[in-house]
Amino acid sequence: METLQSVLAEVGSWAIPAAIVIIAGIGALRGVKVYEVFVEGAKEGFNVGVRIIPYLVAILVAIGMFRASGALEGLVALLEPVLNTVGFPGEALPMALIRPLSGSGALGVMSELIETHGADSFIGRLASTMMGSTETTFYVLAVYLGSIGVRRSRHTLAACLIADAAGLVAAFVVVSLVFGE
Amino acid sequence: MNIVWLALILVAIVIAAATGQMQETTNAAIESAKTAVELAIGLIGVMALWLGLMRIAEKAGLIQLLARLLRPALRIVFPEVPARHPAIGSMLANIAANMLGLGNSATALGLRAMQDLQQLNKEKSSASNTMATFLAINTSSVTIIPATVIAIRASAGSNNPAEIIGPVIVATAVSTTVGIVASRLLQKKAPPQRPGGDDPDSPGDRARGDS
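Heads up: the protein sequence lines correspond to chains B and G, in order.
Counting along the first sequence from 1, when you hit position 127 you're at 394 in our numbering, and nothing is skipped either side.
Counting along the second sequence from 1, when you hit position 129 you're at 184 in our numbering, and nothing is skipped either side.
Keep in mind the hints are simulated off the structure, nothing from the lab.
One should not assume that every hint holds.
[Said to hold, decoys possible] Partial selection, computed: residues in chain B whose CB lies under 8 Å from chain G:
{"hint": "1", "residue": "336"}
{"hint": "2", "residue": "354"}
{"hint": "3", "residue": "387"}
{"hint": "4", "residue": "389"}
{"hint": "5", "residue": "390"}
{"hint": "6", "residue": "400"}
{"hint": "7", "residue": "415"}
{"hint": "8", "residue": "417"}
{"hint": "9", "residue": "434"}
For each residue, glycine too, the CB sits at the ideal point set by N, CA and C.
Same shape as in the complex, but just chain B (with noise of 0.2 Å):
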């Protein structure tokens, strides 16, 4: 496992450099003047980054408003005793439904769960398998759909949840398979 652990690192770590290595060096291979073609399109790094404030500020103000009034709390009261019929524990319901909105938040939610019931239990494997098989959907979508200006996201956000949905049905049942209750 250490090793496993440490070759992961070591591929992460090697990742960026190399494709920075290869970019570059293929690039001046075909002839291609890298440094004034990589300024130039760098320059629009910045565009980006303002472009999408506006986009951001909406979905994270909405989204720290909403966990701040304890609207999750009453959520996860009112869902709790139809999650437990079929076997999910309810611990395990904030960390489902905060992972869509927050990415720190869902974090700290796996961290504190690991820590009152350990690593090695089975709400401890099923926190961590969904914040692995699981993203941010709506910082995604707010940064990805802002940077272009589109705000009409159609089916977007509907196919994004489900696929979230889906992920997170999906890790409870694998994870109950495998590790067992």
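Starting from the known structure of chain B, arrange chain G on it as the hints suggest.
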């Protein structure tokens, strides 16, 4: 998005009033607005780095090469992107970076992919079908190695911190597949242009005007 945004805010206000958390909710609103700007500004450096590199890769023909090699597989997932279009290359770069868990670099590459997709988009202020599918793949997380999760499990004294890699990959595969299928099934129900839309001037001009 309009409904969801309004719902989040209205529910927050009603619940905050009921639970007496109005001050906390106020603070959260102000604090989140600040965080949003910090996040966006923080992205600029990485964004510039990858946009610069991607421009070199494009000029060197690397992106087009990648697109040509993987075109057959991607024709099924993104049928509306023409062969050899740079969007294929940049979407692949984003997905690869996501698989490796490269965080902000993946975001930068993803935003570059969105720019490429926007070129193909006929209705500039609406998301295209390809964008919806691409985002469904992105938000379903394509991570192979959830490095942060493994690190937290290790520091919490897990006997086998990486044991969740298998379940994560299975759950991710399920959510990605469902995301692709869902985006395809839903696209017909959400046409790009709202019939009798609420803004009289052309959406393209508006998008440029106020963004």
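Checked hints:
1. 336: holds, 4 Å
2. 354: violated, 16 Å
3. 387: For residue 387 of chain B, the interface hint holds, since the closest Cβ of chain G sits about 5 Å away, which is under 8 Å.
4. 389: violated, 12 Å
5. 390: violated, 12 Å
6. 400: Where the cut-off is 8 Å and the nearest Cβ of chain G is about 4 Å from residue 400 of chain B, the hint holds.
7. 415: Where the cut-off is 8 Å and the nearest Cβ of chain G is about 4 Å from residue 415 of chain B, the hint holds.
8. 417: holds, 5 Å
9. 434: holds, 3 Å
Hint compliance for this structure: hints 2, 4 and 5 are not met, and every other hint is.
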